[in-house]
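**Student:** Once you have looked at the hints, place chain E on chain V.
Protein chains in written order, with the working numbering: chain V, 1 to 397; chain E, 1 to 397.
Bear in mind the hints are in silico, worked out from the structure with no lab data behind them.
Any copy will do: because identical chains look the same in the list, a pair fits if it lies in one copy or spans two.
Dumping the calculated DSBU-like pairs for lysine-lysine here, alpha-carbon to alpha-carbon at most 35 Å:
{"no.": "1", "residue 1": "76", "residue 2": "32"}
{"no.": "2", "residue 1": "340", "residue 2": "382"}
{"no.": "3", "residue 1": "340", "residue 2": "208"}
{"no.": "4", "residue 1": "187", "residue 2": "208"}
{"no.": "5", "residue 1": "208", "residue 2": "32"}
{"no.": "6", "residue 1": "285", "residue 2": "208"}
{"no.": "7", "residue 1": "360", "residue 2": "285"}
{"no.": "8", "residue 1": "285", "residue 2": "382"}
{"no.": "9", "residue 1": "37", "residue 2": "208"}
{"no.": "10", "residue 1": "360", "residue 2": "32"}
{"no.": "11", "residue 1": "340", "residue 2": "360"}
{"no.": "12", "residue 1": "360", "residue 2": "127"}
{"no.": "13", "residue 1": "187", "residue 2": "127"}
{"no.": "14", "residue 1": "167", "residue 2": "208"}
{"no.": "15", "residue 1": "127", "residue 2": "32"}
{"no.": "16", "residue 1": "72", "residue 2": "127"}
2 protein chains.
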Amino acid sequence: MAATTRLIVDIHTHGYLPRYASMLRSRAVVPKIVSTKVRDGAVEERLHILNDEPSGGRPVGRQYWDRDEKLKFMDKHGIDVSIVSTANPWLDFLSATQAEDLANELNDDLEQFCSTGPSLANHQNVKRLYGFGLLPLVPEITTQSLLQSVEQISKLPHLKGLIMGTKGVGNGLDDEALDPVWAAIEKAGLVIFLHPHYGVDSNAWGGKDNGHVLQLALGFPFETTTAVTRMILSGVFDRYPRLRLLLAHSGGTLPQLSSRLASCIDHDPAVASRLNHDARYYLGKLYFDAVAYGPEELGFVSDVIGRAERYEGNKNRESSSPKSNIIKQAAAQLRSSGSKRMFFGTDHPFFPPLSSTEEKWQSVVDNLEAIDAAEGWSEEDKAGVRGGNALALLNIL
Amino acid sequence: MAATTRLIVDIHTHGYLPRYASMLRSRAVVPKIVSTKVRDGAVEERLHILNDEPSGGRPVGRQYWDRDEKLKFMDKHGIDVSIVSTANPWLDFLSATQAEDLANELNDDLEQFCSTGPSLANHQNVKRLYGFGLLPLVPEITTQSLLQSVEQISKLPHLKGLIMGTKGVGNGLDDEALDPVWAAIEKAGLVIFLHPHYGVDSNAWGGKDNGHVLQLALGFPFETTTAVTRMILSGVFDRYPRLRLLLAHSGGTLPQLSSRLASCIDHDPAVASRLNHDARYYLGKLYFDAVAYGPEELGFVSDVIGRAERYEGNKNRESSSPKSNIIKQAAAQLRSSGSKRMFFGTDHPFFPPLSSTEEKWQSVVDNLEAIDAAEGWSEEDKAGVRGGNALALLNIL
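The following block holds chain V by itself, in its conformation from the complex (with noise of 0.2 Å):
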């Protein structure tokens, strides 16, 4: 069926369905949806998304929720198939109880908007839509609860994995609370979509005007970074090895920083000494979204995928090693299998473009021309990333 390594698939593509954004419209503190009177008493809907929106929120409408505008923006952008996630801050504010009714609920709703859109038209097996379902993980949350909704999700045929935040029940992604839920995701076969959204303490961002783009830009990959990170030192991915997890924006900076991670692991024994593998075995075992906006990017993500099985096993690095003979595989050949574990994505409805007479949205030109570019891909592996990897890891066709 070689038609269907053409088709464009979007993994990282948010909405709030009509549920949620009712429950955003009923809330008095952020996350909170809030109409406001503009001109000509027309009336505008804004988003508070985060702590201190500026410029009132951001203009929120029916591309947040409605099919069909997420169909629209597909065929603007030649999307064949996208796989639809809750954009952040998902359940992780609401208490034990609202958390497992919504998640239940919204779960459903997900299965439904799926399962009733329109399937390709060459491709009348093949769906339009997916989904990444909820899970309620909220502090106070019973693990039954949790099992149940992977259950859930499980059974639900559209959707193929669930979307998290880093909270876990409250104390991060290496609370040990959280292995009966690996394991169940783990036998389930589904795919988690690990999503940012806290950043860090905004102290860091100092006290000069610069609107969201230090929280987006850095504070997100920070805090992607830091929660696989410590799922890796707290070994769920030894306890875990077939969990598949997709990270956001390209895995936010851990490609950048695993070596430099693989080396202060080294220099501290009692942590060096929990884990099977050097920290850089562990990202070839990761998926990553092509989210990244440039072609230099995507090549470096595909090297330090590519190049992981070198690092297997966590050898004593202070005896002499066969390393330098290893590094010297052919880069070429790194890139090429790095690049199975890529994923074409837009971020959609998020970075909309500024004037609406755009034809496409930028972001998603930026990050198909970045597939285009990216040094050292053939045509097989490009196709790959934008889409064949999203197909056969999600098991769709």
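**Tutor:** Same frame as chain V, but now just chain E:
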């Protein structure tokens, strides 16, 4: 003088000169050096450089303050020339008067440390030790005092620049109060070595005991990235385009985040309108040490430096741009030109070997091997990163 291109220069190597070590011994709070009795009644000194130092602090000894130890380390690893800088946290924790006095004394001490040391065997006009001085960058300091230190350093022939942290005079490096200081440093042609110490708020690291791994592996690079990004956003590099800023640890995570940063700026017109260039352009004006522990990391950093010219100006990216053509510029050419702004470093005396029998330090071997294995760098490029680039940047020879 072809032989000089074979010289190995360590641009990132620290010390606490005896005067500084004495001051640390006199302190009751971090940073401090404490003496503890070990077995057989011997006394061991330990450095507490960060809060909650694990294992009662790290052993500290002559390698921190003794010139012979620095030279012995250099000889062991084939390092010809070292550019020595005071280790963090510099003078950040002192009163204005203390910082002013100590900066003055330590700059003279460092000049003497270098000038009275040995010369290269084959180049009697080249010393084996040069230095980066200190400014009394603390709250309450006067601009006049900072300018006097810049002048002092610029008159000391073996000091080639200065090292600083990210606090400025208390409000970070995007503080306009520093403009006269940038102007004076730019005019004097001194290199600024920007180095982290504070990381990010430690709540990010969670409740598990991971030693200092997260703080060092992630927090340090996050801090550097945040500081230089804030400088970019506040227009420091537009106002002082000839400022020479060397970033520790290969720029932290700025290389991997610069395209995301550019995209976030694009979507915030208030910020975008303040800057003369796309964010990625500024990376071509910066300098990066090669302390990244992996060849793929080094290749990538050279990519983002080399591509910077592509992003000159700040054109309206919503109009169709010639970007996809420009992107296809020969990747090898980008890597080669980018490598000219990169410099070998060791981070000595930090990251020492765990066993005293080790001949060479693994952290140093890793960084030298990474240069050797960097894909797309010619032998000349590698020689430049090992030493030639530093000699040129610092006007040595």
